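Could you slot chains P and S onto chain W? The hints should help.
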Amino acid sequence: MAEWRGRDVISILDFTRDDLETLFEEADRMKRALREGRVRRVLEGKIVALAFFEPSTRTRLSFETAAKRLGAETIGFTSEEAISVAKGENLADTIRMLDGYADAIVLRHRFEGAALFAAEIAEHPVINGGDGRQHHPTQAMLDLYTIREAHGGVDGLTIGVLGDLRYGRAATSFILALTLYKPRRVYLISPPALEPRREVLMDVEERGLPAAKASLEDVIEELDVLYVTRIQKERFPDPEEYERVRGAYRVTPSTLRGAKRSLIILHPLPRVDEIDPRVDSTPHAWYFRQARNGVPIRMALLSLVLGA
Amino acid sequence: MAEWRGRDVISILDFTRDDLETLFEEADRMKRALREGRVRRVLEGKIVALAFFEPSTRTRLSFETAAKRLGAETIGFTSEEAISVAKGENLADTIRMLDGYADAIVLRHRFEGAALFAAEIAEHPVINGGDGRQHHPTQAMLDLYTIREAHGGVDGLTIGVLGDLRYGRAATSFILALTLYKPRRVYLISPPALEPRREVLMDVEERGLPAAKASLEDVIEELDVLYVTRIQKERFPDPEEYERVRGAYRVTPSTLRGAKRSLIILHPLPRVDEIDPRVDSTPHAWYFRQARNGVPIRMALLSLVLGA
Amino acid sequence: MAEWRGRDVISILDFTRDDLETLFEEADRMKRALREGRVRRVLEGKIVALAFFEPSTRTRLSFETAAKRLGAETIGFTSEEAISVAKGENLADTIRMLDGYADAIVLRHRFEGAALFAAEIAEHPVINGGDGRQHHPTQAMLDLYTIREAHGGVDGLTIGVLGDLRYGRAATSFILALTLYKPRRVYLISPPALEPRREVLMDVEERGLPAAKASLEDVIEELDVLYVTRIQKERFPDPEEYERVRGAYRVTPSTLRGAKRSLIILHPLPRVDEIDPRVDSTPHAWYFRQARNGVPIRMALLSLVLGA
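Protein chains in written order, with the working numbering: chain W, 1 to 308; chain P, 1001 to 1308; chain S, 2001 to 2308.
What the hints contain is simulated information worked out from the structure, not anything from laboratory work. Being a predicted model, the structure only gives us computed values, none of them experimental. Here a beta-carbon is modelled for each residue, glycine too, at the ideal position from N, C-alpha and C. Any given hint might turn out to be false.
Incomplete in silico selection of chain P near chain W, CB under 8 Å [stated by the list, open to error]:
1. I1047
2. E1073
3. E1089
4. L1091
5. R1096
6. Y1101
7. A1285
8. W1286
Just the calculated beta-carbon pair ranges, DEER-fashion [stated by the list, open to error]:
9. P:D1014 - W:A248: 32 to 38 Å
10. W:E44 - S:A2193: 47 to 53 Å
11. P:Q1232 - W:S281: 39 to 45 Å
12. S:P2239 - W:D276: 53 to 59 Å
13. P:E1003 - W:L34: 53 to 59 Å
14. P:E1195 - S:E2120: 55 to 61 Å
The following block holds chain W by itself, in its conformation from the complex (with noise of 0.2 Å):
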């Protein structure tokens, strides 16, 4: 088991199953001392930016609360913001300026390896909030912490991950987590156009995930865990096009007749209409609770990075 304090958070590849194990024990705690109102101050004195080139409310909102939960301060921008901070400057530039004031920094931008570089660059710890199409390391490790939390661990399970699956940052994320496990089956549900692209299909099957494609009307029966995403209108050349597919990739009611009773069903979030109000109310909706469990994730993150 590596060394957690100091440690950059680039991509979920970089951890082992007993690192993961470490901060979801670590998230318990947070998540015990959250219910019942007795979190310590450990990151009291501690400054954590968080640098958005991109949107995010999720993200952005979930580490600002973990880190004030802690006694840390934030300090950043948004991407609003980032517009006038980018005028000209080199990310390097300002990653510099950033670890020259902050004990961590937490990026989110809209290209392939910018956290990476960022760490490259950076003294301090460097968190990758979502760059590029393909990694989201904290959005993975709370999605396989609130499946932990419904099943008792990943083994086993038979996973579906729907909708957007070449763009979205968040459903790569899941899958490649996913392979660290030892699920049963893993069907991968989406439009031909937004298949997987193929670097991840060969991460996939080189690390020997179970993984096949599937239609969702299929495979619903024997899901344990439905991961949904959003499928946006733009990704489509042929507006009617979309307006044909997307009733495939919509979870309703209906969709889930014949559904196991312990199905859980899975979203990044935000949704637009992906998944039908009528399910909230359901057994099967942990959409809900797995947003709120991005706190305690992201406070355990902290307080192990931050040596806490």
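Chains P and S in isolation, oriented as in the chain W frame:
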């Protein structure tokens, strides 16, 4: 007297005089502690979410100041950032997210009823930071608190409300707040197009508030309180009509000739040119003091609602 | 030596060498405390308002970091939000609001004299975070502090100031700051259109600063300090003129051939391409260190002004 702890703050009409007196006494204590530099961090460890879907500087910054003075932390977004927050996501999901992170939510939204809707979804208390055209309860609280400071109370006073009584939520909230008391007389002073909406007038009548339309000139000598609000040019289809009307609703030193010495002028601020800056140095000018009262009132409110 | 507590910080010329020495010694203590992880929360309970009407990342974030490291909290707005703040409201009312909420106000504004104006209105100390084309005193403080760190002081040094000496407030503040000391020689190195304004040159002359125009090539071998600032394309009516000129004001490894070993290069940052990144790895590159000094200097300043 209802329990304050855990309470939603949606409309000023949800409160009794006794409730408000409890609040004002707590605000007195906060004010004294601020002055003497001995504010206790009774909300340390708490997180207050500030969800401002509409621009606001005073309300947002005074809530932020109030929370931080008491040792709480804030998270949230301003209207600029809200554009991307709102992108496709429904308000219910956004509220659920904030409810999962924070201990209380302060909401500003242009839709009537947004705060009540949020309160139905959230488990934590929701405080209306202004929604629709009607409700801005914390503004009304600090308005009443300022009158109490100047005149010892509201009962028996003669009060003028001037400006846009139709679209301005501060003025409407203030008028509704007055129905909880027994002023001698309330004069509604506005251009015909900006008179209070029918449902507000019905509330006023039903609750027995002695209100009547008037011109400023006719009543200025009687007034103990003059509450001024902004008249926006955009409300007038005909710009010439606006130009013709505005002079009658502008407060200048000459307007105030004949006013009682003890008359206080209030304004929710920001003002544009509806109060002449030469009025600032007269003893009537209470609007800056009123603005400063935003902090102790909101400290008292957060402290009561969060049960410190 | 004037009293620091409660003092406004408007222009670097308001300070004596003794004042600055007090500040630098306090910054030394802060720097040591930061390094050793034992910063005391001497400003706990204080609120610092950051009123940035113009974009700024380094100044804003380093003030925010400085305040939070010392246990203070910040409120405020960035330039994007300021658009709605400013909507019609005059600056005086905005300052009064912040003065009612916070214990100190840091102001950035494009208007010359905005900070002085604010200081006349506010009861709490106002710190100029840059206004107009001339004043940016806290930048000058950290510039001097960095030179002191490298060379033990400013007296006797030969200093070049390169770039836009006309519109750049950092360069102008730096030149004015030098008049408080006894450098051996100050070279002003700029395109003719970007020479210092007449009133600055008059100040310089009156105060007996041994300043002269020069070309970089002619003086590079003499320099102990080279202060570089950005030349903005927009300053040149004729783009071709800009292209012809820029090469002479760009610092590259070949520019530095013949420079003293002990030459330090400063830059207020952000840079665009006026310093070649290959210079970063030379011992001359002090600009990142200078940027990091923004935090201890501003910690020292806040601590002195707020009387901790």
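Verification of the supplied hints:
1. I1047: Holds, because the Cβ-Cβ distance from I1047 of chain P to chain W comes to roughly 6 Å (cut-off 8 Å).
2. E1073: The hint holds - E1073 of chain P has a Cβ within 8 Å of chain W, the shortest such distance being about 4 Å.
3. E1089: holds, 4 Å
4. L1091: violated, 11 Å
5. R1096: holds, 5 Å
6. Y1101: holds, 4 Å
7. A1285: A1285 of chain P check fails; min Cβ-Cβ to chain W is 36 Å, beyond 8 Å.
8. W1286: Hint violated; W1286 of chain P Cβ to chain W Cβ min 36 Å, cut 8 Å.
9. P:D1014 - W:A248: 32 to 38 Å: violated, 47 Å
10. W:E44 - S:A2193: 47 to 53 Å: holds, 51 Å
11. P:Q1232 - W:S281: 39 to 45 Å: Since the Cβ atoms of Q1232 of chain P and S281 of chain W sit about 43 Å apart, the hinted range of 39 to 45 Å holds.
12. S:P2239 - W:D276: 53 to 59 Å: holds, 56 Å
13. P:E1003 - W:L34: 53 to 59 Å: Since the Cβ atoms of E1003 of chain P and L34 of chain W sit about 24 Å apart, the hinted range of 53 to 59 Å is violated.
14. P:E1195 - S:E2120: 55 to 61 Å: Once the Cβ atoms are compared, 41 Å apart, the range 55 to 61 Å for E2120 of chain S and E1195 of chain P is violated.
The earlier numbered hints that this structure contradicts are 4, 7, 8, 9, 13, 14.
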